[in-house]
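Visitor: Listed below are the residues making up each chain.
There are 2 protein chains.
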Amino acid sequence: MANIGYFNDAKKEYVITNMRPRRPLSNYLWNELFLANLDNFGFGESFLRISPEERRVLFPCWDATRLIYIKDKATGEFFDINRNYQNKEFTKFECHVGIGYQQIVSEYKGIETEFTITVPTEGHAELWRVRVKNTSNEAKSINVVPYGRPAANVTTHLAYGHADYEASLGGLYYYHDAFAVDHNYSGIYMKASELPLSYDLSDLNFRGFYNTYENPVGMANEKLSNKGTSFDDSYCCAMQFEANLAAGEEKTYYVVVGISTGVDNAIEDSAKYLAKGFFEETIAEVKRIADDMDRLYVLNTPDEYINTMINTWLKRQISLGKTWGRVCSKGFRDIMQDAAGLAAFDGKMTREKIILCLTHQRPNGNPMRAFDPIARTPYYDGAAWIPATILAYINETGDLTVLDEVCPYFECEEEGTVFDHMYRGIRFLLDNRGARNMVLWGGGDWNDSINNTGYMQKGESAWLSIATVKAITEFCRICEIMGGKEDLIAKVKEEQAVLKAAILENAFEGDQFIYGITDWDEKVGSKENIEGQTYLDAQTWAVLANMLDKEGLNKVMQTVEDKLKCSFGYVQCAPAYSKKDEHIGRMAYFIPGGYENGSVYNHGVAFKLVADCMLGKADVAYDTLKLISYDNPANDNSGVEPYVVTNMYLGPQDPYRPGFSYYSWITGTAGWIYRGVTEFILGVSGDYTGLKIKPCIPSVWNEASVSRVYRGAVYNITFKRTGNYKLIVDGTAIDGCIAPIFPEGSEHTVVCEF
Amino acid sequence: MANIGYFNDAKKEYVITNMRPRRPLSNYLWNELFLANLDNFGFGESFLRISPEERRVLFPCWDATRLIYIKDKATGEFFDINRNYQNKEFTKFECHVGIGYQQIVSEYKGIETEFTITVPTEGHAELWRVRVKNTSNEAKSINVVPYGRPAANVTTHLAYGHADYEASLGGLYYYHDAFAVDHNYSGIYMKASELPLSYDLSDLNFRGFYNTYENPVGMANEKLSNKGTSFDDSYCCAMQFEANLAAGEEKTYYVVVGISTGVDNAIEDSAKYLAKGFFEETIAEVKRIADDMDRLYVLNTPDEYINTMINTWLKRQISLGKTWGRVCSKGFRDIMQDAAGLAAFDGKMTREKIILCLTHQRPNGNPMRAFDPIARTPYYDGAAWIPATILAYINETGDLTVLDEVCPYFECEEEGTVFDHMYRGIRFLLDNRGARNMVLWGGGDWNDSINNTGYMQKGESAWLSIATVKAITEFCRICEIMGGKEDLIAKVKEEQAVLKAAILENAFEGDQFIYGITDWDEKVGSKENIEGQTYLDAQTWAVLANMLDKEGLNKVMQTVEDKLKCSFGYVQCAPAYSKKDEHIGRMAYFIPGGYENGSVYNHGVAFKLVADCMLGKADVAYDTLKLISYDNPANDNSGVEPYVVTNMYLGPQDPYRPGFSYYSWITGTAGWIYRGVTEFILGVSGDYTGLKIKPCIPSVWNEASVSRVYRGAVYNITFKRTGNYKLIVDGTAIDGCIAPIFPEGSEHTVVCEF
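From first to last, the protein sequence lines are chains A and B. Numbering of the first sequence is given in our numbering, commencing with residue 1 and proceeding in unit increments. Numbering of the second sequence is given in our numbering, commencing with residue 1 and proceeding in unit increments.
So that you can see chain A by itself, here it is in the shape it has in the complex:
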């Protein structure tokens, strides 16, 4: 197996020991308005979110974003400790991926350096801690030079910019006071816990025009240039310090690099961030928040990796989505799904996200594709995602008041209750049907990349029709819980039956569902097709929507196994399109194996995992999960971070890099895998009337345990394989699979025999 590193569960760290993995491994640090995306070298972008449309970048995503240079004054030898550009033979070189920090540690010729980066829980700055330790047997005099490449130019007009040492700050300040810019974040500053011996503000001086980061002029010289700069497109921030360390002695420097509205603001902020203990308290605070969240669901199975992911890392990944969506934007369906995933940890947040999403629903019931910034592409699936999230919220919290909360429709005077929003969504889906009585495809559905099949308002999406069937079931369940809605339930159930019949008549091919029918009356995802014959989601959602009896669904899922399985997961569709097809859209222009066009698109694989569980196929579900794990021996050097799930592995039809994961973190897969494992494999989920416990545990596990907070009470659940399902709550066997609701703060022992 590819050697990458190891989990240190006690510290909630992943320790990267192979500092040159197939691709750099990413971590995110963030607060509500500031985000840093750092790789194992500490390189990567950080920025302040000013508005949905505007960001102020602190460090762009480029090489040498942040470096810690060290120079042994006795020998004159220098190197950077976190990228090791010079390929020195470090005796230690690792990156600790932490919850809320990134820590690179290296050791070379008796100097150990630790470079830790964090982001304060409020504000717009990065906090760096640099610890140097003399691990040799003799005294050493060393220069320590924290260095970075900030985005000091706010606009492209270099003439607005200048930078210099600012005595009132005791640090470096970068001015870019541009005319007619609509925010005040004109400045960047760097300040350290002590005054620098020398400094640089431009790579013209520090690196030198024709030098590289391997041999910067500034490090070769005794001092940095102490020169300011203007009209520059190569700003840097560098400060030189000197540590005279006895054998074994260490010294710590704190550095803050931040965005500021002016020098006064920089003075104020940096004083706060450099206050004694602030750095350590920040990391402790982020960890406390994570620990509080982690305690809400603690899993213990024979699969250590799954435990670690569920107990810590998927929660971390979901937290990123909670605050930042997909970072580049907030998709309606994405946030809705994330919100459902969050319900078990943070019901309040789920409720907030539901309201936030619904304010981006048009009065006709169809939501915007995305917000933050707004994407007006006329996708038609948004409404189908609303009931599931509201139901998850109600099941988890028991809070029905959300349904009465009034919130506006998008860009109009109208407003309505959450229930009204949800029902208008159902109506949008039911009232926009095609000639075959299936739901119109419009500009697209979950599959963003089938985006040219329905503009003429003729194409019909079988998947969206199936999703509508599912949504109606959830909607009716919500109505049942609310009570007094029998007429409405009867009405929509009748409509659901008609829709279901239309799907079975037009989209069912005996052992598979097609994906849809285009404006030109062509089937997509049908046996009739030469390419794109079978689509994963149409089959898995048939299970989720209970479109057939169990036998029928098993047959459909067997098609998935036969047609879509590969050695590292299940592909979105097969065979992938190799020819451009305007009647399909973007997807049929992607390379075979890319994104929806036949990649192992893990969001879809997570749906499949849930579908397997719904059909009771525990081993298949578990195998599915292991196929897409980073340590699948058939794809163990995919590039993926072991501590997150990736959105996609390039599919087996990619001729060059099948199995490769390009990026991770920002994918709805995290929430779905989390729910798949906790609510379907372990089978513990809120059910309005109590905590439902109905596991679907793989045959290789004979026992497992879950500690789960539900409505404020703790359920300590032990699973034991006996061959007969039995639920024992606080020593008493109960009928059915639902443990009762208990008072907040109480703790209960549950045994679930299976």
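Hints listed in this document are in silico derivations from the structure and should not be mistaken for laboratory results. Careful: at least some of the hints might be erroneous.
Straight-line distance between alpha carbons at most 27 Å, and here's what the computed DSSO-like set of lysine-lysine pairs gives [what the hints assert, rightly or not]:
hint, chain 1, residue 1, chain 2, residue 2
1, A, K88, B, K88
2, A, K92, A, K287
3, B, K88, A, K579
Quantities reported herein were computed from a predicted structural model and do not represent experimental measurements.
Following the hints, complete the assembly by docking chain B onto the known chain A.
Guide: This is chain B only, laid out in the frame that chain A set:
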């Protein structure tokens, strides 16, 4: 003096011998639709212009854009010949900046390599020639690897892209067939004059993920990877060849890298470009065109540098502007001025440019700020530039028919003759006046960066008022030439007199003109101001517009000498603004010394040179020219290319890099300096009735000669200092300063004593 290189006039080359100058030195290669901007390493952007709004990039502007790697197979040592990333001790390393080509030559351990880049006169490709020569005494076997980093991704969606060796092409092909892209240039190709031994299409394979261009994996290996790639963001193009050279033997490879609409297009184009002799013929053809242009005005003065610039390099710089405007856009006033500069070489082109510009004039007479793409900023000065260019065209060609040509107004049904356009422009200026009867400032004038003084339609620009006075004089001269327009002349002259009086009353401070008065009734460029007290253009244009008697103008120009002169030119204004001022706009947000805010903005210095000549101050004019020359000892390491003029030197108030030139080439300075030298210092200019010869030659020159084509006849003019002006044409002294018009093709000897 900073050692940069030397001119080789015989080859029309500048040879850069210092390959690490203060900043890389730039050259442009182009045809009508394709442009490459290359520095002395051969790095830099190239692109195809698809439409005013859209470009297709071939090579972006990034490091290692193009490299030629060489490997000595006997030793295994490899290096790149054009950037020398490894800092090897090359025995030869120089760049020949040619007319239509860039040629880098290096020699290391017995291998001399010449890398020449050109652009065909039609089409969208770069042509490379690589010559390797064994300069040692023994046989050598070497690998030659041309390498580049093309922009193979047309969109940001990597999944559209793949690349591989394409057998039908016999070269590398990069596909990016994206959905819904509005042009067909999806592909990039690389093909060479022979089939490669091996190849690479991705830096993942060639460079290696963690390697640099100093030590690419591909060069360390025996062969390149021969692997295709997909979903890639690090495409490269590299081909390995092997040359087995006896001592003294050489071998030449031709390589084409182009943009294509498909493989068939690539096959067709590459066959054309790789045809025997095509490369050499392309360079010869570009040189022929340049030679033809150069012959139209040949200067010989005691100042070799001025001769070289006038005879070759300024013409080249003007040619770039002719085709590409300012590359990033085409400013109305910029193209109008360039067109005037062109009249002496290419009257037809001047006429075309006039018409092109006028189609971007609104029916109210005010032109757009820029086109290609359209810039709608409401600047008010556009119309003031029209008469001068039309007059220059008429004076040069004698062609009055241009005035009757009908062309449309911008974005409307209306159209009008060129004369109508010109007069509507005059009317716009005269009819949009403020309370003081000076011309309204609107969104700005020549000084783009005073852009917040006039939005309320109250601020008045003194400079624009002066420019209007000048424009009316030119307009009246055109009317005179046309004849029969006495009433119109009388009318506008009266209006001109009123305007002039208003300027003298409101904008004249005895020894200087102010620049204007803002919406808030505040003076700009006045003795009253603390910053921005004196503006260069207000004074120089007072001379150009003949605002005062000679004594008055001399006094005004003395203010320029006293207040605006520095050791490397004249600043746009002084003192520069150090404080933001919303009532001024962008300029007062720039760093002191940047752009209009106190830089030596050479366009303005060129106006000053002309003004000096108009006042007969030959030595001052010449000194002015020498102050901004690259070889001014007070600023001889400014970064500027010796073979072009720069738009700006950072002013003396810049605290960090006064005198630094950030970029060159794309500036109207070229045309104005050219006209300043040829039409004012040498004083040879078309005057409708004949060729005016009225020199203003500096006292350090006692003689000079000009060979000049005027209306198809050649005037071989010799200047001799005698102290008395006398014009002898074909041996006969004539009255006045205008040599007669001669038949096309005839050649005449003119002696001008002065």
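Visitor: State for each hint whether it applies.
Guide: We went through each hint and held it up to the structure:
At most 27 Å may separate the alpha-carbon atoms for a hinted pair to count; K88/A and K88/B meet this at roughly 21 Å. Under the criterion of a C-alpha separation no larger than 27 Å, the hint pairing K92/A with K287/A is consistent with the structure, at around 26 Å. With a CA separation close to 48 Å, the supplied pair K88/B and K579/A exceeds the 27 Å bound.
The structure shown violates just one earlier hint, number 3.
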